[in-house]
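**Student:** Chains as they are written, first to last, in numbering that gives the first Met the number 0: chain G, 0 to 189; chain X, 0 to 189.
Hints in this document: simulated from the structure, not taken from any laboratory.
Fair warning: this is a prediction, and the values are worked out from it, not measured in the lab.
Honestly, I wouldn't trust all of these hints.
[As the list claims (entries may be wrong)] Stretch by stretch, here's where chain G covers chain X in the computed footprint (C-beta under 8 angstroms, at least three residues): (1) 44 to 51; (2) 81 to 92; (3) 174 to 188.
[Unchecked claim] What follows is a list of derived Cβ distance ranges for each label pair: (4) G:Asp47 with X:Ile182: 46 to 54 angstroms; (5) X:Glu168 with G:Val120: 19 to 27 angstroms; (6) X:Lys44 with G:Phe49: 45 to 53 angstroms.
Think of the CB as a built atom: it goes at the ideal place given N, C-alpha and C, for glycine as much as any other residue.
Protein chains: 2
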Amino acid sequence: MPKSVYLAGPEVFLSNAREVLDAKIALTRAAGLVPISPGDLEIPKLDDKFALGLAISQIDEELMNRADAIIANLTPFRGIAADTGTCFELGYMCAQGKPAFAFTTVAADHGARTRAYFNGVWHSDAQGLPRGPDGMLIEDMGMIDNLMLHGGVVRRNGVVVVGNAKPGEELTDLATFKDVLAIAAKALAD
Amino acid sequence: MPKSVYLAGPEVFLSNAREVLDAKIALTRAAGLVPISPGDLEIPKLDDKFALGLAISQIDEELMNRADAIIANLTPFRGIAADTGTCFELGYMCAQGKPAFAFTTVAADHGARTRAYFNGVWHSDAQGLPRGPDGMLIEDMGMIDNLMLHGGVVRRNGVVVVGNAKPGEELTDLATFKDVLAIAAKALAD
Numbered sequence: 000m001p002k003s004v005y006l007a008g009p010e011v012f013l014s015n016a017r018e019v020l021d022a023k024i025a026l027t028r029a030a031g032l033v034p035i036s037p038g039d040l041e042i043p044k045l046d047d048k049f050a051l052g053l054a055i056s057q058i059d060e061e062l063m064n065r066a067d068a069i070i071a072n073l074t075p076f077r078g079i080a081a082d083t084g085t086c087f088e089l090g091y092m093c094a095q096g097k098p099a100f101a102f103t104t105v106a107a108d109h110g111a112r113t114r115a116y117f118n119g120v121w122h123s124d125a126q127g128l129p130r131g132p133d134g135m136l137i138e139d140m141g142m143i144d145n146l147m148l149h150g151g152v153v154r155r156n157g158v159v160v161v162g163n164a165k166p167g168e169e170l171t172d173l174a175t176f177k178d179v180l181a182i183a184a185k186a187l188a189d
Numbered sequence: 000m001p002k003s004v005y006l007a008g009p010e011v012f013l014s015n016a017r018e019v020l021d022a023k024i025a026l027t028r029a030a031g032l033v034p035i036s037p038g039d040l041e042i043p044k045l046d047d048k049f050a051l052g053l054a055i056s057q058i059d060e061e062l063m064n065r066a067d068a069i070i071a072n073l074t075p076f077r078g079i080a081a082d083t084g085t086c087f088e089l090g091y092m093c094a095q096g097k098p099a100f101a102f103t104t105v106a107a108d109h110g111a112r113t114r115a116y117f118n119g120v121w122h123s124d125a126q127g128l129p130r131g132p133d134g135m136l137i138e139d140m141g142m143i144d145n146l147m148l149h150g151g152v153v154r155r156n157g158v159v160v161v162g163n164a165k166p167g168e169e170l171t172d173l174a175t176f177k178d179v180l181a182i183a184a185k186a187l188a189d
């Protein structure tokens with residue numbers, strides 16, 4: 000019985016969302032896994048946007064409940080950090096004890112991106128920890144995002160794959176997804 | 000037996016983290032709940048920062064596993080969206096079926112903040128959905144952040160409280176936390 004994998008990520012917001020989601024779905028199937036994609040959901044017709052938001056939340060949780068594993072796209076989205084919905088979903092699947100895999104197409108890690116957010120202005124505090132000009136801690140663990148995300152994956156024997164997409168192609172480049180998919184397919188077949 | 004509540008949020012990064020975390024802990028205790036705070040953890044002495052990140056991830060997950068509920072601070076952090084670690088933690092607790100409460104001290108909702116991110120430049124697509132100048136969808140559900148977060152809380156009969164802190168005090172103002180805490184304490188006592 001092939002394992003199913005929930006394909007979490009901000010691709011649903013792309014102008015060519017259907018195209019990119021379909022490409023990920025086809026690649027997942029070709030890797031011998033059953034793709035479960037938030038783009039698969041039948042969006043109910045609801046005039047009230049808040050009620051629509053609740054309905055999509057419920058459908059996506061149900062999709063996760065029946066998935067065996069997750070591959071989360073943690074590529075920075077509209078800023079220096081991963082899409083918040085994807086972060087919720089990764090935590091949701093980790094709590095269910097399911098195998099978790101993640102990737103980013105951006106090579107700069109969380110600490111480097113946070114320093115760039117502060118235009119490179121930072122200092123070491125008395126404990127030797129990096130802080131921004133506002134005095135706030137710069138988490139710098141050599142991880143791709145907050146330690147709960149990267150740590151949650153690695154501690155479940157998952158793998159975090161770091162790619163290096165061309166500027167402007169961070170959310171559409173599929174090379175890194177292919178790499179993490181190959182690793183997930185092998186792990187889930189064992 | 001008083002219920003325990005995990006106090007998730009980006010306060011751990013503040014320059015006066017200990018002070019703010021202690022204030023939240025004291026308020027929670029005064030409300031008749033047992034506070035469980037990521038600031039409570041005994042951080043192990045590890046030279047390797049990646050290993051330290053994994054250790055903190057494990058400790059925080061263990062703290063969540065023994066908490067009865069969560070209050071998540073979803074105030075925008077270093078950008079237009081909530082702290083990614085807090086989003087992971089909210090998803091983690093929702094998957095465990097635990098009561099979830101959330102708050103933000105910023106009145107502008109997710110749709111409004113995303114429009115501001117695009118400097119107010121957006122258009123409606125053929126389906127009437129708002130899109131930024133890059134063609135990407137602006138999620139606009141009348142929610143404080145991505146629908147998985149706001150929806151996950153509301154669908155579990157939790158409450159999302161929206162405050163309006165003074166500029167610069169978004170992460171230190173405790174007024175909104177007090178409001179959501181009062182609601183959570185009442186709900187968890189029932």
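**Student:** So which of those numbered hints doesn't the model satisfy?
**Tutor:** Per hint list: 3 and 4 violated.
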